[in-house]
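Given chain A, work out where chain B should sit, using these hints.
Chains as they are written, first to last, in our numbering: chain A, 128 to 412; chain B, 2 to 671.
You may find that some hints are simply not true.
What the hints assert, rightly or not - A short list of chain B residues far from chain A (calculated; beta carbon distances all over 12 Å):
id, residue
1, P6
2, R12
3, S15
4, G38
5, L107
6, A296
7, G298
8, A304
9, S375
10, R377
11, G379
12, R411
13, R467
14, H625
15, T633
16, A650
Stated by the list, open to error - Sample of chain A residues at the chain B side, in silico, Cβ under 8 Å:
id, residue
17, A306
18, R307
19, E309
20, N322
Hints listed in this document are in silico derivations from the structure and should not be mistaken for laboratory results. Note that the structure is a prediction, hence the values are computed from the model and not measured. Ideal Cβ placement from N, Cα and C applies to all residues, glycine included.
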Amino acid sequence: MSGAAGAATPARRRLPRTLVIGLVVVGVIALLAALGPWIAPHDPDAFAMRMRLRPPSLAHPFGTDEFGRDVLSRVLAGAHYSLLMGFGATAISLAIGVPLGLLAALHRGWVEEVVMRGVDLMISLPPVLLGLLILAVTEPGLFKTILAVGLVYVPIMTRLARAVALELLAEDFVEAARARGEGAWHILAREIMPNAWPPLIVETALRITFAILLGSALSFLGLGPQPPASEWGLMIAESRPFIAEAPWIGLAPGLCLCLLLITVNVVGEGLRDLLDPRLRGRGHG
Amino acid sequence: MAEAPPLLDVRGLSLGYATARGTVRALDGVTLAIPRGAAMGLVGESGSGKSSVVLALLGLLGKEAALAADRLDFAGEDLRVAAPRLRGLRIGTVFQDPAAALNPALRIGLQVAEPLVQHRGLSPRAAHGRAVELLAEMGIPRAAAVAQAYPHQLSGGMKQRAVIATALACEPELLLLDEPTTALDVTVEAQILDLLERLRAERGVSMLLVSHNLGIVDRLCDGLTVLYAGRVVESGATEALLATPRHPYTRGLLAALPRADRGRIGRLAPIPGSLPDLTLPDPGCNFRPRCPFAAAGCEAPQALHPVDARHLACHRAEMLHDAAWPAPDAAVADRAPLGGTLLEVADLARSFRLGRGLFRRQAEVRAVDGVSFSLRRGEVLGLVGESGCGKSTLGRLVLRLIAADRGSIRFDGASVPAMPPDGFRRRAQIVFQNPDTSLNPRQTVDVALRRPLERFGLAHGAAATREVERLLDLVRLTPAYRPRYPHQMSGGEKQRIGIARALASRPDFLVCDEAVSALDVSVQAAVLNLLEDLRDTLGVAYLFISHDIGVVSHIADRIAVMYRGAIVEEGPAAAVLAPPYHPYTGALLSAVPVVGARGRAAARTRLKGDVSSAPTEGGCRFAHRCPAERGTVCRTQAPPVQQAGPGHAIACHIPVAELARAPAALAVAE
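In isolation and in its complexed conformation, chain A is listed as follows (with noise of 0.2 Å):
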């Protein structure tokens, strides 16, 4: 018959070059956090009264801080920071949301109604509040700030789960599954999580984005890692009383963290491009 018309095309697709792109650049940025002590030309938390305030220069690419410490030194010391609070937050919130969505999905009736309200009510409270609340009745810390933002998006991740996994247990092939007398468990890994992965994973790197502003702006009002971390929020909040005569305390960190939110975000909609079946073949030409 048409033989020649399916096996003989290779399934391959062209990466998005977006994602490579965007993949280059976040690799590049979790390389250097990565090095970032051994790589930073000064010790990041060394004092110099005497090279207080002092504007970018060769031997300072970024200038230095009211102590006199190097900015470089302090943004490559604290990039591990949000790129934690990031990956760790999403992870923490998709190994939470995930499981609770595909539950409710399964089971209809009170189990679903449950989670779904409980869900609800957690998207009731703005996202800042609700990691003010868990960081209120605890002492701050890098791990407090990533569970605190991974709740926050629990929720999110939660109904997205929930409502993949509807759209797909509505299909025949499901159904043929069950006509099997399959287990839910079978349904659930062999017939349903091959085909919920790719909207997830899309949604996932786009909320790493959102993951790590949050993480950011709770450390920014001194609810994340505590001083002389060089968190970059925290590195911001800290700039603040010098804002006018050495904008570039908070610039730098600032800086970087758009840099990094910016290619995330790319990564994020190149692996919609690529996965998405929806979205294929618009723009990109």
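What follows is chain B alone, placed relative to chain A:
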């Protein structure tokens, strides 16, 4: 003799789409002409380019389309230039899905009036008045009220009437109808066809009817153009062309068509193979690879040339005039006699709640309401009815895929509980309608077919591989299909994999839920033949659910007719298809468009409304639409089940003797 120039004159219309795989030649030198007041049918299978013709005429092709034509004239104007000005004004269009054609946020009256305001410059008030008149003309009762309604408040048939009213608002000379009834039920389709027929007679509007359904074209059109893979293969007068098709493709199409008026004939004759790759257009006859009569000379370009009052693109057509279309493989196994009772269903019921809400009263729909039937081994029970009658729900209830409210199921002598054991699951399987959703897009054929074998412990490892290959062979596919994913196969191939998966566990009973409805005629014939072969060789019994009476009358031993959740008539296929029948069966059959039955119009029974019209409590559920309704008895008392013959039951108040006097709706071929 100076003939008047045709209203629509298309010559040598070619169309290419630039795609990643190269240029797809969607249309290749299409020529057709519609005289003023005439109706032309344009038929072909999916991918033949029918809809591209419509879009080209309307000038609605995208930027990536490259259009070329020797002539593309409408009433002397070149459509390539004038189409934007003419469409909506002198050319009206009706597309397939009325739900998609209407804006859900605007009132019907406004939408019908819009072209009048736009093209004719009428004031909104005057246009609205005219819109109400138009709606009334389309046979819409209480047109003024309907004009104030939103699309979701109307049934499918009413929506399509409103769309036709919009298309006719500016009194166009030409109406383009792209599958205008495909999304509608057969009784509603018949109403729309009546309307179109009347409009043609009263207004003299010309029509181009694009359809895959030869029966519809035969009813409405005097001319017919057959399209295959972007080329016209045959055109001429409808009646002559359908009576004596000459081009091998046209002959193949008709041979593959299961026909309600023929009943059970032997096997259908499918057309082997599939559409050619349109990125590599064949300069010769592009039907050649699938043509049973292909010979030397076919590789030369085939020009459309006149042959006694028709046009043909086949150099061998005259030679082949008397050559018979090859019959399908003669080696069909003799059918085993029917076995004992396999499945007994008693009083099965299921309702669905609608409008769940805190303050709203819960409405209930009785999707299946007390259905009983039985099925013997190797028997095919056809289940027909319009959409929403509960056919699919019944199929899933029988398999215990959805929970029943009440009723019992006995399978092979044993009662089937609500959570059936693996034994029942292995022996009762299902084939779905849509080949695109019935296979998991992330599983290869091998994985999909292996799973049931492992699930039921039938085969493992190398034995399973052999079994997968045997299954592929059973559905006439080669082992090369094992590593393929669904997106690498055609619709017909996917449907065969769906059947193979259902057969993997060696079931005794299959629910075929519209199993061939999504397929093209030539492929449908092959899958139907396959299902029949499997029944004959493996003794599988089918509950064959379909809205297509032609398909059901071809394959079924017995037919059950369902209306609003209940079986109103059940009996041997031949008995159900001839009087006496339930008034609903009669109306359903007379609505079926049949090829070569032009004189049937007079005997047609037409139903009022559609399935969703007002329900009756207590009485016969068909009473409010019944053409033979007998007043209060029908509306207040449940109809008795009468025996009209051996194994033939009709649920109706009217005595069987009287029902028997109904005219035969299908002129069964001599």
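The hints, checked one at a time:
no. : hint : verdict
1   : P6   : holds (42 Å)
2   : R12  : holds (32 Å)
3   : S15  : holds (24 Å)
4   : G38  : holds (42 Å)
5   : L107 : holds (26 Å)
6   : A296 : holds (22 Å)
7   : G298 : holds (25 Å)
8   : A304 : holds (27 Å)
9   : S375 : holds (21 Å)
10  : R377 : holds (22 Å)
11  : G379 : holds (21 Å)
12  : R411 : holds (19 Å)
13  : R467 : holds (20 Å)
14  : H625 : holds (32 Å)
15  : T633 : holds (43 Å)
16  : A650 : holds (29 Å)
17  : A306 : holds (5 Å)
18  : R307 : holds (5 Å)
19  : E309 : holds (7 Å)
20  : N322 : holds (6 Å)
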